[in-house]
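Asker: Listed below are the residues making up each chain.
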Amino acid sequence: MATTKDRSEVLQGTLDLMVLKTLDALGPLHGYGIARRIEQVSDDRLRLNEGTVYNSLLRLLEEGWIRSEWGTSDNNRKAKFYSITKTGRKQLARETESWERISGVIGRLLRLGNQP
Amino acid sequence: MLRKLLSRVRGAFRRSRLDEELDDEIRGHLTMLQERFVRRGMDPAEAFQAARRQFGGATQLKEELMERRSLPRIDALAQDVRHAFRRLRRSKRFTASAALTLALGIGATTTIFSIVNTILLRPLPFEEPDRLMRIFVRPGPGGGRLELAPGKFYDWQREAQSFERMAMYRVRDVALTGIGAARTVRSTAVGAGFFEIVRARPAFGRVFRPDEDEPGRKYVVILSDRFWRTEFGGSPDAIGRTVKLNDEAYAIVGVMPATASVAS
Numbered sequence: 000m001a002t003t004k005d006r007s008e009v010l011q012g013t014l015d016l017m018v019l020k021t022l023d024a025l026g027p028l029h030g031y032g033i034a035r036r037i038e039q040v041s042d043d044r045l046r047l048n049e050g051t052v053y054n055s056l057l058r059l060l061e062e063g064w065i066r067s068e069w070g071t072s073d074n075n076r077k078a079k080f081y082s083i084t085k086t087g088r089k090q091l092a093r094e095t096e097s098w099e100r101i102s103g104v105i106g107r108l109l110r111l112g113n114q115p
Numbered sequence: 000m001l002r003k004l005l006s007r008v009r010g011a012f013r014r015s016r017l018d019e020e021l022d023d024e025i026r027g028h029l030t031m032l033q034e035r036f037v038r039r040g041m042d043p044a045e046a047f048q049a050a051r052r053q054f055g056g057a058t059q060l061k062e063e064l065m066e067r068r069s070l071p072r073i074d075a076l077a078q079d080v081r082h083a084f085r086r087l088r089r090s091k092r093f094t095a096s097a098a099l100t101l102a103l104g105i106g107a108t109t110t111i112f113s114i115v116n117t118i119l120l121r122p123l124p125f126e127e128p129d130r131l132m133r134i135f136v137r138p139g140p141g142g143g144r145l146e147l148a149p150g151k152f153y154d155w156q157r158e159a160q161s162f163e164r165m166a167m168y169r170v171r172d173v174a175l176t177g178i179g180a181a182r183t184v185r186s187t188a189v190g191a192g193f194f195e196i197v198r199a200r201p202a203f204g205r206v207f208r209p210d211e212d213e214p215g216r217k218y219v220v221i222l223s224d225r226f227w228r229t230e231f232g233g234s235p236d237a238i239g240r241t242v243k244l245n246d247e248a249y250a251i252v253g254v255m256p257a258t259a260s261v262a263s
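Residue numbers (numbering that gives the first Met the number 0), protein chains in the order written: chain W, 0 to 115; chain C, 0 to 263.
Do not take every clue at face value.
[Unchecked claim] Here are a few chain C residues that face chain W, going by a calculated C-beta distance under 8 Å:
hint : residue
1    : H28
2    : M31
3    : F54
4    : G55
5    : S96
These are calculated hints, taken from the structure and not from any lab test.
All figures in this text were calculated on a predicted structure; none of them were measured in a lab.
Glycine included, every Cβ here is placed at the ideal spot set by N, Cα and C.
Construct all of the structure, not just a fragment, from the sequences and the given hints.
Answerer: Written as structure tokens, this is what we have:
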């Protein structure tokens, strides 16, 4: 297991993008499932307070990018399932593009050697 | 923006239901995390702590969510109103027509709100519901409700200053025998003062007397309208007869009206 020092905080604003992408890729999921998926993909390199997933879900619901529905989980427990909406998919495409642009710029900037 | 505001307005009205839902969600999440840690070899108490750590501050989360769901702060609103007022003073004709439109709109809204208020928002089927409180014990944020020890209840009843009166109730399933096939029925055991607190009156017969919940007294029961109709054919003779619940004889003393529903 990676030590705390090696794990990054979730960057402000990126959790919404991760949640949207997870729901887009895996279909309807409950909050716990979303947290597991992010943990699995991050390979233990991300420190996620799982409660914040619910903040993100609420933000996305408010924007109309996801919807929620009560259902039954694998182990027969009542759980609220979230799924991405059509406008959510559009938003995801926009956000993905914007993220790639920004991270590309930052990557280039950081790779620049010191100028004489 | 409008969608957000609407969502918040709805949220403000539905807050208590949403909070319960969120509680359920958080509790479910914590339980699943705990089970996961147990599967990895922790003992349950250790796993509970680990689950809480991984989840982060549940109380803090709830506060933030409530904040997000509530209406915009009043001071922000006042600022908007002042700004709007200055703008409107500059264009008088527009102001007149806008004010008329608003007046009509508000008139319609008030009517609709009155209807909605009676139909949808009235919270409990009891008189003066805003003076009724349900008290329960939780081990901490995100924990389930605990069974209340009667001794503790009597302490509260004696010491509490903020309540006019208190009564216990407990929903439980009991075995009904002696009428047709033996089966399980849902019952609510209540303290003698319960009916006075919710101000529920029986359709006929009587409610419990103040001393009837003391130890050693004869067991008494009040039937729901539905049970009375299905099991006693709606006959007034039901009063005075007995039903066997968990193998104890209970004398029937009253029948509630069809509109009454005991909290479940």
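Asker: Look at each hint and say if it fits the structure.
Answerer: A quick look at each hint next to the structure:
1. H28: holds, 5 Å
2. M31: holds, 5 Å
3. F54: holds, 5 Å
4. G55: holds, 3 Å
5. S96: Hint violated; S96 of chain C Cβ to chain W Cβ min 33 Å, cut 8 Å.
Consistency with the previously given hints fails for number 5 only.
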